[in-house]
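**Student:** Spelled out, the chains give:
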Amino acid sequence: MVRQVSESLACLLGEELSADLDRIDVFRYAFEIILGGTIKFILTVLLSYVFGIFKTTMFFIISYIPLRHFGGGVHLSTYYRCLTVGLTMFLLLGKLAMLQVGSKFVFWAIIIVFLLGVYIIIKWAPARTAKKSIESKGKILNQKRKTFTILTLISIVNITLVKFNFINYAFASVLGILFSSFFITPYGYRAMYAIDNILNKLQGGIKNV
Amino acid sequence: MFKNFKLGLLTKVASLLTLVALTEVSTNSIWYLYEPEVPESLKNKE
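So the sequence lines, in the order shown, correspond to chains A and B. Quick note, the first sequence lines up with residues 118 to 326 if you use the working numbering. Quick note, the second sequence lines up with residues 855 to 900 if you use the working numbering.
No wet-lab data here; the hints were simulated from the structure. Just to be clear, a hint being listed does not mean it is correct.
[Said to hold, decoys possible] SDA-like mimics (lysine to any residue), calculated; alpha carbons at most 25 Å apart, straight line:
#1 B:LYS857 to A:SER135
#2 B:LYS860 to A:LEU152
#3 B:LYS866 to A:LEU129
#4 B:LYS860 to A:ILE151
#5 B:LYS860 to A:LEU134
#6 B:LYS860 to A:GLN320
#7 A:LYS261 to B:LEU873
#8 A:LYS256 to B:THR877
#9 B:LYS857 to A:ARG140
#10 A:LYS256 to B:LEU873
#11 B:LYS860 to A:LEU129
#12 A:LYS263 to B:LYS857
#13 B:LYS866 to A:LEU130
#14 B:LYS860 to A:ILE179
#15 A:LYS263 to B:LYS860
#16 B:LYS897 to A:GLY131
#17 B:LYS897 to A:LEU138
#18 B:LYS857 to A:GLU124
#19 B:LYS866 to A:ILE151
#20 B:LYS866 to A:ARG198
#21 A:LYS256 to B:LYS897
#22 B:LYS897 to A:TRP241
#23 B:LYS866 to A:THR302
#24 B:LYS857 to A:LYS280
#25 B:LYS860 to A:THR302
#26 B:LYS866 to A:LEU134
#27 B:LYS866 to A:ARG140
#28 B:LYS897 to A:THR302
#29 B:LYS897 to A:ARG120
#30 B:LYS897 to A:THR195
#31 B:LYS860 to A:GLU133
#32 B:LYS866 to A:CYS128
#33 A:LYS256 to B:LYS866
#34 A:LYS280 to A:GLN217
#35 B:LYS897 to A:MET215
#36 B:LYS860 to A:LEU138
#37 B:LYS897 to A:GLU252
#38 B:LYS897 to A:ASP137
#39 B:LYS866 to A:THR155
Keep in mind that this is a model prediction, so the values were computed, not measured.
Could you build all of it, start to finish, from the sequences and the hints given here?
**Tutor:** This is how it looks when you write it as structure tokens:
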């Protein structure tokens, strides 16, 4: 549905501006990103609020999104799978972050996840996808630098949160880094492809390779 | 006058959409777990 609405809006805009087909396709792509992202964000905010996990879910997302934006990572094959799996993951991890954990545990989790994140960035970032990949060595290095900077900044913020006793928010943010990093690795790809294949089988579709 | 205003506004919207598309295509990822089909005209700009 998001694709169809985006195509219609892009065609309308293209007609008004007498744009060529390439330009209309660029509009469609941008509309798909904006509409898809907005629907997901609104649903995440609403459901997390309903389940009483709004703040931890937001802290999870604040860490998850920038790392994923620069580090890349695996994608599911359709928008609705993304919406369902993504929302379920955000809400479950937002709930998990509500657990009563000690400040020492979260502090060491921040350090371990930071080191793990650095290793993953050096080895795998920016992760390729079927539709997009960065080939230039200069761009890859630049992307690694940006991802590392974001990881460092979030980790510093997390240590500050622990210092001021916002343990659950720091824990949610650590989970965000952990899952975003995991989706950059080949193990994250395998996990998501497995989910995609199970859903394909349920719907009688084609297997991912 | 209204026609000029409308055209100006739509041109700005189109520029903004192009900026979103170019930013998205150069960062190699989107927010969540699904990425739309990248337009052919943007593939060489990655």
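**Student:** Run every hint past the structure and note whether it holds.
**Tutor:** Cross-check of the supplied hints:
| no. | hint | result |
| --- | --- | --- |
| 1 | B:LYS857 to A:SER135 | holds (14 Å) |
| 2 | B:LYS860 to A:LEU152 | holds (22 Å) |
| 3 | B:LYS866 to A:LEU129 | holds (15 Å) |
| 4 | B:LYS860 to A:ILE151 | holds (22 Å) |
| 5 | B:LYS860 to A:LEU134 | holds (10 Å) |
| 6 | B:LYS860 to A:GLN320 | violated (45 Å) |
| 7 | A:LYS261 to B:LEU873 | holds (23 Å) |
| 8 | A:LYS256 to B:THR877 | holds (14 Å) |
| 9 | B:LYS857 to A:ARG140 | holds (22 Å) |
| 10 | A:LYS256 to B:LEU873 | holds (19 Å) |
| 11 | B:LYS860 to A:LEU129 | holds (13 Å) |
| 12 | A:LYS263 to B:LYS857 | violated (44 Å) |
| 13 | B:LYS866 to A:LEU130 | holds (11 Å) |
| 14 | B:LYS860 to A:ILE179 | violated (36 Å) |
| 15 | A:LYS263 to B:LYS860 | violated (39 Å) |
| 16 | B:LYS897 to A:GLY131 | holds (20 Å) |
| 17 | B:LYS897 to A:LEU138 | holds (15 Å) |
| 18 | B:LYS857 to A:GLU124 | holds (24 Å) |
| 19 | B:LYS866 to A:ILE151 | holds (16 Å) |
| 20 | B:LYS866 to A:ARG198 | violated (33 Å) |
| 21 | A:LYS256 to B:LYS897 | holds (15 Å) |
| 22 | B:LYS897 to A:TRP241 | holds (22 Å) |
| 23 | B:LYS866 to A:THR302 | violated (39 Å) |
| 24 | B:LYS857 to A:LYS280 | violated (58 Å) |
| 25 | B:LYS860 to A:THR302 | violated (47 Å) |
| 26 | B:LYS866 to A:LEU134 | holds (11 Å) |
| 27 | B:LYS866 to A:ARG140 | holds (14 Å) |
| 28 | B:LYS897 to A:THR302 | holds (24 Å) |
| 29 | B:LYS897 to A:ARG120 | holds (19 Å) |
| 30 | B:LYS897 to A:THR195 | holds (20 Å) |
| 31 | B:LYS860 to A:GLU133 | holds (9 Å) |
| 32 | B:LYS866 to A:CYS128 | holds (16 Å) |
| 33 | A:LYS256 to B:LYS866 | violated (29 Å) |
| 34 | A:LYS280 to A:GLN217 | holds (16 Å) |
| 35 | B:LYS897 to A:MET215 | violated (42 Å) |
| 36 | B:LYS860 to A:LEU138 | holds (21 Å) |
| 37 | B:LYS897 to A:GLU252 | holds (12 Å) |
| 38 | B:LYS897 to A:ASP137 | holds (17 Å) |
| 39 | B:LYS866 to A:THR155 | holds (20 Å) |
Of the numbered hints stated above, those contradicted by the structure are hints 6, 12, 14, 15, 20, 23, 24, 25, 33, 35, listed in ascending order.
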